[in-house]
Structure formats: C-alpha cells, structure tokens
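Peer 1: Chains as they are written, first to last, in our numbering: chain E, 1 to 231; chain X, 1 to 231; chain S, 1 to 229; chain R, 1 to 229.
Calculated directly from the structure, the hints in this document are not laboratory data.
Just to be clear, a hint being listed does not mean it is correct.
Unchecked claim - In silico DSSO-like pairs for lysine-lysine, Cα to Cα no more than 30 Å straight-line: (1) K11/R / K73/X; (2) K74/S / K132/E; (3) K179/X / K132/X; (4) K132/X / K135/R; (5) K71/R / K132/X; (6) K96/S / K73/E; (7) K73/X / K74/R; (8) K132/X / K96/R; (9) K74/S / K11/S; (10) K132/E / K96/S; (11) K135/R / K73/X; (12) K73/E / K74/S; (13) K13/X / K157/X; (14) K132/E / K135/S; (15) K135/S / K135/R; (16) K73/E / K11/S; (17) K74/R / K132/X; (18) K132/E / K71/S.
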Amino acid sequence: MASDPKLENCALKPADIARRVAAELPDGAVVNLGIGIPTLVGNYVEAGRGVMFMAENGIIGAGPRPEPGEEDKDYINASREPITTLPGASVFGHADAFAMIRGGHIDIAIMGALQVSAQGDLANWTVPGLGKGGIGGAMDLAAGAREVYAIMTHTMKDGGLKLLEDCTYPLTARQVVTKLFTDIAFIEFTPDGPILREVAEGLTADDVQAVSEPRLHTNGPPGALTREETP
Amino acid sequence: MASDPKLENCALKPADIARRVAAELPDGAVVNLGIGIPTLVGNYVEAGRGVMFMAENGIIGAGPRPEPGEEDKDYINASREPITTLPGASVFGHADAFAMIRGGHIDIAIMGALQVSAQGDLANWTVPGLGKGGIGGAMDLAAGAREVYAIMTHTMKDGGLKLLEDCTYPLTARQVVTKLFTDIAFIEFTPDGPILREVAEGLTADDVQAVSEPRLHTNGPPGALTREETP
Amino acid sequence: MTSDKVYPSSKAAIADIPDGATILLGGFGGAGIPENLLVAMADHPARDLTVVTNHAGFGERGLAVLLRQRKVRKIICSYAFHRSAFVFRELFLEGKIELEQLPQGTMAERIRAAGAGIAAFYTPTGVGTQAAEGKETRTINGRETVLEHPLAGDVAIIKAHRADSTGNLTYRGTAANFNPVMATAAPLTIVEVEEIVDPGVIAPESVHTPSIYVQRVVRGEDLGLRSET
Amino acid sequence: MTSDKVYPSSKAAIADIPDGATILLGGFGGAGIPENLLVAMADHPARDLTVVTNHAGFGERGLAVLLRQRKVRKIICSYAFHRSAFVFRELFLEGKIELEQLPQGTMAERIRAAGAGIAAFYTPTGVGTQAAEGKETRTINGRETVLEHPLAGDVAIIKAHRADSTGNLTYRGTAANFNPVMATAAPLTIVEVEEIVDPGVIAPESVHTPSIYVQRVVRGEDLGLRSET
Chain E
1 MASDPKLENC ALKPADIARR VAAELPDGAV VNLGIGIPTL VGNYVEAGRG VMFMAENGII
61 GAGPRPEPGE EDKDYINASR EPITTLPGAS VFGHADAFAM IRGGHIDIAI MGALQVSAQG
121 DLANWTVPGL GKGGIGGAMD LAAGAREVYA IMTHTMKDGG LKLLEDCTYP LTARQVVTKL
181 FTDIAFIEFT PDGPILREVA EGLTADDVQA VSEPRLHTNG PPGALTREET P
Chain X
1 MASDPKLENC ALKPADIARR VAAELPDGAV VNLGIGIPTL VGNYVEAGRG VMFMAENGII
61 GAGPRPEPGE EDKDYINASR EPITTLPGAS VFGHADAFAM IRGGHIDIAI MGALQVSAQG
121 DLANWTVPGL GKGGIGGAMD LAAGAREVYA IMTHTMKDGG LKLLEDCTYP LTARQVVTKL
181 FTDIAFIEFT PDGPILREVA EGLTADDVQA VSEPRLHTNG PPGALTREET P
Chain S
1 MTSDKVYPSS KAAIADIPDG ATILLGGFGG AGIPENLLVA MADHPARDLT VVTNHAGFGE
61 RGLAVLLRQR KVRKIICSYA FHRSAFVFRE LFLEGKIELE QLPQGTMAER IRAAGAGIAA
121 FYTPTGVGTQ AAEGKETRTI NGRETVLEHP LAGDVAIIKA HRADSTGNLT YRGTAANFNP
181 VMATAAPLTI VEVEEIVDPG VIAPESVHTP SIYVQRVVRG EDLGLRSET
Chain R
1 MTSDKVYPSS KAAIADIPDG ATILLGGFGG AGIPENLLVA MADHPARDLT VVTNHAGFGE
61 RGLAVLLRQR KVRKIICSYA FHRSAFVFRE LFLEGKIELE QLPQGTMAER IRAAGAGIAA
121 FYTPTGVGTQ AAEGKETRTI NGRETVLEHP LAGDVAIIKA HRADSTGNLT YRGTAANFNP
181 VMATAAPLTI VEVEEIVDPG VIAPESVHTP SIYVQRVVRG EDLGLRSET
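Using the sequences and the hints given, assemble the complete structure.
Peer 2: Encoded structure:
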C-alpha cells in the first residue's frame, strides 16, 4: 500500500500474500498463526499437506471456523475467534502451550510485522508512545519458534519505510525473521543479509530496493509474486 | 534396637511407631510415605480423617494394597508395590509430581532416617563409601514438603548414636525435620532446639538423653509412647 | 478424600478476600472466565487489588467492572492496550492504575514457577526488548537469556468445566488457558464450574488439576454470562 | 494431521539410533517401561550410550541387558545402588561405567527445562548436599538454591498406554512417570504402546502427550514382558 502509484497498482492484496505464505510452508509443519493476515494463511493450505495449526491459548490441530450457529464457547483461537478441531487435535493450558513454543517445538510462527531490520529483528507489538498495543505471545513465539515468517505492507501509508537497517520501534525479538512477505516482495534473511527472492508482477528488484533501507542481495533474477483476480 | 537391654525391652516395634506417627497426622493432610516403616503408617489412618496419600511416581489418593490377583501393573507406589485408588484419586507424571512436592503442596513427608541432627538436618540416602544407596526423591521431598516426619531406631545396632549434633553421613537436606519418631522417643524440632515430647513406656527422659548427642529440652514431663501386644 | 469443598454460592466462595490481595484471574478471550465469581467480586468490598490476568479487561463486563469500581491498584498482564480495553486505558492514562506487562509465555512460566517451587529461571523470551529492561541477563550455551522470578497470588479465581466435590478439575477445549497453572500458584484457589460430580466420577487419568490445588468449588449461578479477557 | 507415525516393529523403530546417543528411557518401578523397545535395543549394535532413567537397572532384564552388553558408557539416574541393580553396581565398582546421580525431582525438572526451552533454573532441592557440589548456588528471597541446567536426549524411548496414528498419547495410572516429560526433551521420541487407534478416537481433552512431541509409534510385540527400572 505504498504511496507510489506504480507500487500501489502492483501490490498484492492480503489474500495473495496469504496464498504465497501458505505455499512456502513445508508439508507437515507445525504452524502458529498470528492475528491479522496470518490468520488467512490457513485458508490456502490443503488438508493433505499435513500442516498442523497450533494456537498459544492451548490447541494443536485447530480447524476452520465453524458454521454459524455451530460455535462452541470453549473452542477459540488466539485471535479469540471460534474454531473447530480436526481429528488428532489436542488441547492444554497456557503453561504447556508456551513450553512447546519456548522449547522449539513450533516449526513456524507467522506474524504480522510493523518493522523488520536487515538482521531479521522484528518489531510488532507497539509503537512509541504511551498506552499502545500489547505484548501477548509475540515475544515468546518470535524467540521460540524455529522460524518466523513476517508479513507486512512494504511501506507505511505515508511512504515511510518499514524494512530498515535497524528497527526504530520497540523490538519483539532480535534476529528471528527468516522470511518476510510483503505486498511487493518475498525476502529471505541469511547470514549474508536479506536476499530478494520474489517481487510482485510488474515491479523490478530496483523498485523494491528503492523502498527498502538495507541493501537487498539477489541470487539470480527474482521470481514473480502473482495476484489473483479476486480481492 | 539399642544394645542396652533396658532400651531394647522398652523399644517400640515398627507397627507401634507407625501407629504413633499416624495419630500425629492432621486430618485432611496430604502425605507422602517413604520406603520402609513409613509405608506402614497408612495402615493406621482411618479413612474418615481425610488424609490423602500421594506418591512421587504420580498419584494422589493411593489406597491400600489390592487383594492378591487384583494387582494392576500400571498402579504402583514409590516403593514399587501394587496399590489401589480411592474415589477422588488422580494420576500424573514425574514432572508434575515434583512440581507439587517442590512447590510446597505436600503437607508432610514421612521418611526413614539414618541420622538426624540437632538442627533437624536429615541424612537418609547413603552411608560413606562407594556404591551405596541412592538419592531417589528424598532430597526433593525433604526440601519441598511443608513438614518432614523422620522415623528411625534411636541408635545403631552397635549402640552408635543417630541423633547427633551434626550428621556424619551425607545430608539429604538441612534443617527440615520437624518431628522425629524413634523406637524410644518422639522429639519435636523447634527454633530453640529439639524438645522431647514422649518417651517409650518404662523409660525416662534421662534414658533417651543418654543415647542422644544434642541436649534434649523438655516442656513438662514427657508423655508415654505405648506398645501394643501384637508385634 | 472425603473433604467437601463445595460452596453454596459465588458470594460465599469469595467472601473473605481481603483488601490488597493479589488475584490470579483465569481466562483468555471469551473462554474459561470465572464469570459468576467476577460478578460476586463486583458486589464485594475488597479494594487495592493486584490482578494477574492475560488482558486488561475487555468492554464493560467482567474484570472491567472491577476496574471501573477502582478496586484494582495494579494489573499484571500480557496484553494491556487492546482497543476493547478502554476502561483500563482511561484509568492508565490518568495515572489511576499501575501496569506490569509481560510476555504471555513468561507470565505463564512465572506462575508455574510459583506453583512448582522454582526460585527463578532463565528464558530466551524478551531478550533485547523492553520486557528485559532492568532484569539480569546471562548467556547460557551461547544464547542470551533473561532471569525471571515466580509470580504467585494470594488467591486464584479460576474457571473449570467440571469438578468433583474433592476439588479435582477438568477443562474443556481452549477454556483451560491460564486456569490450570494459576490453580497451582495461590494458597487459596476458588473455582467456578459448570457441573459438580461425586468423587470417582472423574477417572484418575482424566483429572487435569488434582484436588490438592483446589480449596473451594462453586457451580456458576448463571452459566450464560459472557465477558472477555 | 494425516501423518502416520506408526512403525511395523520395535526393531524398525529403533534401527537408526547411533553410537554415542543420549537416550531418555521412561519407566519407574515395573510400570511404564518400553519393554519391547529395550529388547530390540539388545539386538541393536549401538554402543557408547548415555542412558537417563530413574534407576540403574534392576535384575537381569530390560536395561540390565544393555549394561551387561557394555553398550552403556554412562548412566544418569536418581537411584543408582538399589540392591537389585547388581549388574550396574559390578560395572561401576570395576570402573566400567560412569554415573551421574540426581535428585529425582531435579532430574524431572531438568528434562522439562530441556523440553520447555528454559535455559537454567534455581531450585532449593539438594542445597547443602552432594547433589549441589560444584554447582552455582544463590540465595533468592532468603532461601539458598542451586542452579540446574536442562537435560536433553538425542532420543527418548518411552512407553504409553495408547496412541493414535498421529502420535497423540495417553498413559494409565502411575505408568506415566517420566514418560510424558521425556517425550518433550528429545528430537526423536519413540513410543511403545499397547494399542493404536485412529485420529479422533482420543478426545482433545484426553490427550496427555500431544502428537508434536512424538515421531514414532509402535505397538509392543509382547505386552507381557516385565522388567523394572
């Protein structure tokens, strides 16, 4: 949603980003979905792939939202939305849920980001100022999951950058983001720095670099992030 | 079982000690029974008193030994003996069992002792020398239970003392024994030192002091520890 | 085993909570909240409370009522400024309530430590963030960690699905959340349930919270109440 | 959810355990011991093992067989010198096996720490005893404590009562013991069970060990085997 018209025209919609993230998940992965666009990712993962969704309020094997009228007050996800369970699901309390998370048993945490740094630092829980945001499970998930996939618009609505040399917002965790999915790019974080893997159709690597503070490496020409017709 | 004939004649049998310990338990207490004489204590606690027996291998609400042929391979106590369960029992793993113990949720641990010091130090897991004994749950129970009732013969078979100024055997925990039940005495440990509460029928406070290294205080004349006819 | 911990009403179950108590309050989102006990607390005079709970209240019901009544001196939670936490936010911005915000898993583990007799622990969560400010850090096996201490309550006010009369509890679905760990971390644990059964009805293997962690049980008067936290 | 973790035999389930592995071995007394997996280990060439388990073997069966075979370099346990642990004792006194003896609860908590990502913890257990020798101590809130570190395995070999094919486990009675905590503390957890059911048969609330902690499940070939540990 950058203010540059070219970027705006080519930017992926949330559903497109979620679809791309879903495709990136390894089969059989145990995945935690954060609030916002991350919750959409579940819609694009075919059941046969064996991906399991866990929520930090105490469930592994969360299924899709129940039909209206079928909601069970005792079954919700971390976004406080009603859920179903899939065969093989299990439930447990917060202490056990975060033992799993902190202990490295969650393969991938998919989290919304406010800022990401060149080193993969993540800032996603608050903006400077009194009385804003909350930590929730973000710091535990960012520190504990084996990989963190971050999702954000590439720039702020006013054009301000969000992929920075160093985050300016309070950090959630240092050096944890392994893959960043924005509305115009897919960037992987390596010991050698961020590598631009894919750019939105219609844009070039230079377009993405122009709205990114850290130098983005490439490893051959970036692939294309595609948009579906439906929003 | 002291070598002095007078002490030997007046000494309580294990069943007598167990009966006395059982009488000391507050109604409703959550109690852990160690190996040896402590396991006998359960035989003398009437069901109506609401005392609950927990074992560190993962049960609260352990009941008496099952009838022969009724044993269940999956239900044993920490002494590796078959048990039954009482209504209201629960089972759990070692991590949860010791969270309970360490967290101070067990009212009383009843443990056999090798030596007890004037300060209530407990030595009960090994004697000096290579290849003897084992720690088991003793250190956790001694450190974690709200009170430790220790049981031992007052002296060694050769007449050596076991109630000492300082233990000479490797310690299980420091300053944890609140009540000591021997075959000739019941001694309570207070900030002012050990107080002789009861002596075996036929013996005097002086008889007990003569086989105890620390000075035993009295608070009025000690009561009598009685023996039953049956062994 | 025969002790009966069942109280006749929510009001009776919470009657002696004193001023200044630290309360561990179960619930997450709209699930597993001791709604009837919270309603009773609103009619109870205790003030100057510290409340440990996941969110700083939502909307106008449940915990938010106690906040409005100015009975709460301090909130310890993992997520303070949700847009629905407007009652808390207003008090906070006016300087009328204190806040300690913790990572959710660190909060759960600190409560567990209180219940499990762990004097302190080192965790990687929060390193390099505001959550670690002023706390001791230590590099263990090449990883930087933060030292965290137990978080105990004077009272735990929790919700379970079912209890037997000795205090064994079971939870349903994601309504367990903070309830089981909070049950372990206060000398007085008061539980609202939907159903009370006789001892022995819950199999030993099905018990989620053993009876020794529970002092009082009450069947919720109105099981249709819904707040959020 | 559709992953099938069921192995055709105990032999197949343990086939790739390498020399030098650290094995977390479940069981306490005669309950919850993965008897068939131990029998398979006796036919397996892996040597130089470190075994973490409650007792240092009993009698001549189970773990004692591996000790006799000199496959175990080191035992980490809570109770080493039971009179029935004569195989271990003989090797130990001859200097042919190493021993680390720990308080039972500290052992359980160190294994939990490994599974739960706790880098280290302070416990009051063992203060002033041989179990604290050489370890850092610290007085916290007026109480002396010992610093303890995580105890992880390369493999956990455990026993459960029932599994579903995705790896969810339930235990029976006191046969849980070290099994559930050990399941969390190794990247490869191999479970012997008495019965395997389809996913969904075990209700979410009845699962004791969630499937993500389990990599392999096998139905024990001979459910009548009995050793002790």
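Peer 1: Identify every previously stated hint that the structure contradicts and give their numbers, smallest first.
Peer 2: 6 and 11
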